[in-house]
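**Student:** So you can see what is in the structure, the chains are spelled out below.
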Amino acid sequence: MTAIKALPRVCGVSCGAALLAVLVQRPALAALDTQLSNLRRMSIEELASVEISSVSKSPEPLAEAPSAVYVITPDAIRRSGAVTLPEALRLAPNLIVARKDSLNYAVSARGFNSVEASRKILAIIDGRSVYSFLHSGVFWDSQDIMLDDIQRIEVVSGPGGTLWGANAVNGVINIVSKSSRDTQGLFGKVSYGNLDRSFAARFGGQINEPLTYRVYIKGTRHGDTETPAGTSRRDALSGLQGGFRADWQGNEDLVTVQGDIYHGDSDQGGQVELGGGNVLARWSRPVGPGTLQAQVYYDRTQRDSPGVVDHTDTYDIDLQQNAVLGAHSVVVGGGYRVRTETFNNTLNAFNFATPRKTLGLGNVYFQDTLTLASSLKFIAGIKFEHNAFTGWEVMPNARIAWQVSPRNMVWAAVSRAVQTPSRIDRELEAPPLLLPAPDFESEQLLAYEVGYRAQPASNLSLSISVYYDIYHDVRATTITPVTVLPIQLRNDHYGHVYGVEAWANYNPIAWWRLEFGVNALHKALKTKPGKIVIAPDQSLGNDPDYQVFLRSSFAIARDVDLDIGARIIDALADPAVPSYIALDTRLAYRFSDQLELSLTGQNLLENRHPETGQPTDRGEIPRSFVVSARWSF
Amino acid sequence: MILRSSFARSAWARIAALLALILAGPSAAPANESLEFAVKATFLLRFGDFVTWPETAFSGPADPVTICIVGTDPFGTFLPEATKGQTIHGRPVAIADLAELPSPTKCHIAYMGASSTQSVAARLKAMKDMPVLTVTDGRVDEAAGMIKFVIQDNRVRFAIDPDAAEASGIGISSKLLALAINLKP
Numbered sequence: 001m002t003a004i005k006a007l008p009r010v011c012g013v014s015c016g017a018a019l020l021a022v023l024v025q026r027p028a029l030a031a032l033d034t035q036l037s038n039l040r041r042m043s044i045e046e047l048a049s050v051e052i053s054s055v056s057k058s059p060e061p062l063a064e065a066p067s068a069v070y071v072i073t074p075d076a077i078r079r080s081g082a083v084t085l086p087e088a089l090r091l092a093p094n095l096i097v098a099r100k101d102s103l104n105y106a107v108s109a110r111g112f113n114s115v116e117a118s119r120k121i122l123a124i125i126d127g128r129s130v131y132s133f134l135h136s137g138v139f140w141d142s143q144d145i146m147l148d149d150i151q152r153i154e155v156v157s158g159p160g161g162t163l164w165g166a167n168a169v170n171g172v173i174n175i176v177s178k179s180s181r182d183t184q185g186l187f188g189k190v191s192y193g194n195l196d197r198s199f200a201a202r203f204g205g206q207i208n209e210p211l212t213y214r215v216y217i218k219g220t221r222h223g224d225t226e227t228p229a230g231t232s233r234r235d236a237l238s239g240l241q242g243g244f245r246a247d248w249q250g251n252e253d254l255v256t257v258q259g260d261i262y263h264g265d266s267d268q269g270g271q272v273e274l275g276g277g278n279v280l281a282r283w284s285r286p287v288g289p290g291t292l293q294a295q296v297y298y299d300r301t302q303r304d305s306p307g308v309v310d311h312t313d314t315y316d317i318d319l320q321q322n323a324v325l326g327a328h329s330v331v332v333g334g335g336y337r338v339r340t341e342t343f344n345n346t347l348n349a350f351n352f353a354t355p356r357k358t359l360g361l362g363n364v365y366f367q368d369t370l371t372l373a374s375s376l377k378f379i380a381g382i383k384f385e386h387n388a389f390t391g392w393e394v395m396p397n398a399r400i401a402w403q404v405s406p407r408n409m410v411w412a413a414v415s416r417a418v419q420t421p422s423r424i425d426r427e428l429e430a431p432p433l434l435l436p437a438p439d440f441e442s443e444q445l446l447a448y449e450v451g452y453r454a455q456p457a458s459n460l461s462l463s464i465s466v467y468y469d470i471y472h473d474v475r476a477t478t479i480t481p482v483t484v485l486p487i488q489l490r491n492d493h494y495g496h497v498y499g500v501e502a503w504a505n506y507n508p509i510a511w512w513r514l515e516f517g518v519n520a521l522h523k524a525l526k527t528k529p530g531k532i533v534i535a536p537d538q539s540l541g542n543d544p545d546y547q548v549f550l551r552s553s554f555a556i557a558r559d560v561d562l563d564i565g566a567r568i569i570d571a572l573a574d575p576a577v578p579s580y581i582a583l584d585t586r587l588a589y590r591f592s593d594q595l596e597l598s599l600t601g602q603n604l605l606e607n608r609h610p611e612t613g614q615p616t617d618r619g620e621i622p623r624s625f626v627v628s629a630r631w632s633f
Numbered sequence: 001m002i003l004r005s006s007f008a009r010s011a012w013a014r015i016a017a018l019l020a021l022i023l024a025g026p027s028a029a030p031a032n033e034s035l036e037f038a039v040k041a042t043f044l045l046r047f048g049d050f051v052t053w054p055e056t057a058f059s060g061p062a063d064p065v066t067i068c069i070v071g072t073d074p075f076g077t078f079l080p081e082a083t084k085g086q087t088i089h090g091r092p093v094a095i096a097d098l099a100e101l102p103s104p105t106k107c108h109i110a111y112m113g114a115s116s117t118q119s120v121a122a123r124l125k126a127m128k129d130m131p132v133l134t135v136t137d138g139r140v141d142e143a144a145g146m147i148k149f150v151i152q153d154n155r156v157r158f159a160i161d162p163d164a165a166e167a168s169g170i171g172i173s174s175k176l177l178a179l180a181i182n183l184k185p
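Residue numbers (the numbering used here), protein chains in the order written: chain X, 1 to 633; chain U, 1 to 185.
No lab work stands behind these hints, which were simulated from the structure alone. Ideal Cβ positions, reconstructed from N, Cα and C, are used throughout, including at glycine. Check each hint, because a few of them may be wrong.
[Said to hold, decoys possible] Residues on chain U that point at chain X, a partial pick, calculated with CB under 8 angstroms: (1) 46; (2) 76; (3) 116.
Use the sequences and the hints to build the structure in full.
**Tutor:** See below:
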């Protein structure tokens, strides 16, 4: 399967027509939610059969928790013109998203942004954790899910360790896909542009009343980035992903089984070849005064480049019970994960003494939301997690939420989170250059947060949060004084980061929506006395001091949408990246409820700009245009 | 002097209303973005098509149908969006946010949101025998109005108390009654 290399060719002629043909689920008449405009057209019987978000069917700790949570809606994803998941994540004002080259992205919250350092945020796709066992980061190019089947992306900035475990140090990206009940019928989408391209097709059907399913296939080309002179770096990667989801809904039981399989490789001579798959089953039913949920999954991830193989098999089981007991709303759960990884590098000396290793990860947690008064809630929770490197880790948090008035809520939180060592942190060695670090400990965070959420008018909502993060034992690449070599990864950084995240949403009139976001931080991370470190960006990241987001969504006419968005990103210090303004726009026309054509332009102000990485190693992101067609029956 | 005291009265009324606003409304998140509340907002509008009010409920043929949200508004922009440009029995639709009941605002549909100052039962009592379609929410309180939202099978469903509606002079179509679920065992 050399897969999607063939995409441009296959699509050349036959997709020309299909391109004119794609689809749209619905006109988003009022620049709000597509869902809402869908609802407006439904009969009252149809309304009664709409499946509401899986997160609100039972006490949903994450969404209800007083925290800095931003929700990316399906409508916003569609109107962004994004072709891939990491591009869609640029919508969240509490994330820092930077593209290093064709396929590598650095995605983080509250600092630590670089391809190597962005490993303190936990990404979950339908309950499946997708961070790499090797370095604890996420390979975003291997998560090429169908964007049109996403129900919501919850982006939480701040620690989520109590519920989500180690690695949810300063953020959680929780991607929830739609039930197959909500994706019935045929759907197709083709996006053709000078940078990223994709096609996607899905079919959803119903076998009998309680059982529905869908199958999909998506092909994506992550396009070539450019050198500063404007020549192609020829680093494009093409991939193909397919999958299914089946949902069975009994009287009380909900069962979901889903899976994906994918393969991708570099267009220019096998620089990277990736492949893998997963299958997951989830079951929930009301038990006692709440809901019991059980989930198991298997995930296989392969990522090879010439001379390097990296294969991981993951088995995971999780149990969770929610219950409402008087003034207490509790959630208790636990899980166990086994990962087997083979990493073998014959290209250079950097390797593991034991290439193949199997490690376990177990956890139990408990969280209680206590309603003290009708306007006051207190939340306390703790997780105990055991890992093979550092043993038991404890991740507690305490939160308070005060509903000052019906439209004003103030919240505050104190949390402890840890990042447990990855295999690279502990085991990577290249004698006599790099020593392994068997004593490498977990990195620790103590975070203080305060937030305010308000809805001053029915067409205006806003959220602001400030945080003060204290870090201990953060990773450093430490050199030996005088001789420089050997170097070793050590817990030699510490310090604090503080910042503010705010966003607001304003609908001056029904067909015009304005969004504003800002995200600013100050890092004061230091090296322990007497230690000398190199390449600090690889451990501490290289962050913009501020980012500003502006977006305007017009429904110019009933069938015409115009979106204009700008991201103003401050310069990065080391390695230096100049500040830039990314101006994006999308114009869409709906021929009918079935067919939508759109033209998206991205990075319109500049020919190209770099976003992160060493000048010798990074690609610049060119101005791009995408023509897209969506089509559904 | 008369002027002055009427000013004082209205000022006090405003301060009291402001206090009520500050004190009211507990747990529900202000802008709930979930589909659940979008569905409920759409239902609130749609119920109107299946309900008849006595003539006395309106002062004139152009009088709007007013949907009152009493207590915390969990709908955010969903309700204004759902009702924009819509009509019920040919009448325009208005929305009012109220802290308490009774209120000088004439409601035709009243949704009982969370409140720390007035229980749902107290609000239902205040509306008793008035031509107002009372809608309660199982998420907020167990008390049941003429219509009560419940979540069943991960869907928004509702139960209807036809006797309470009839006592208030409100007619509910058989189609809506057929769609309702039965909460009694």
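**Student:** Tell me, in ascending order, the numbers of any earlier hints that this structure violates.
**Tutor:** Hint check: nothing fails, all pass.
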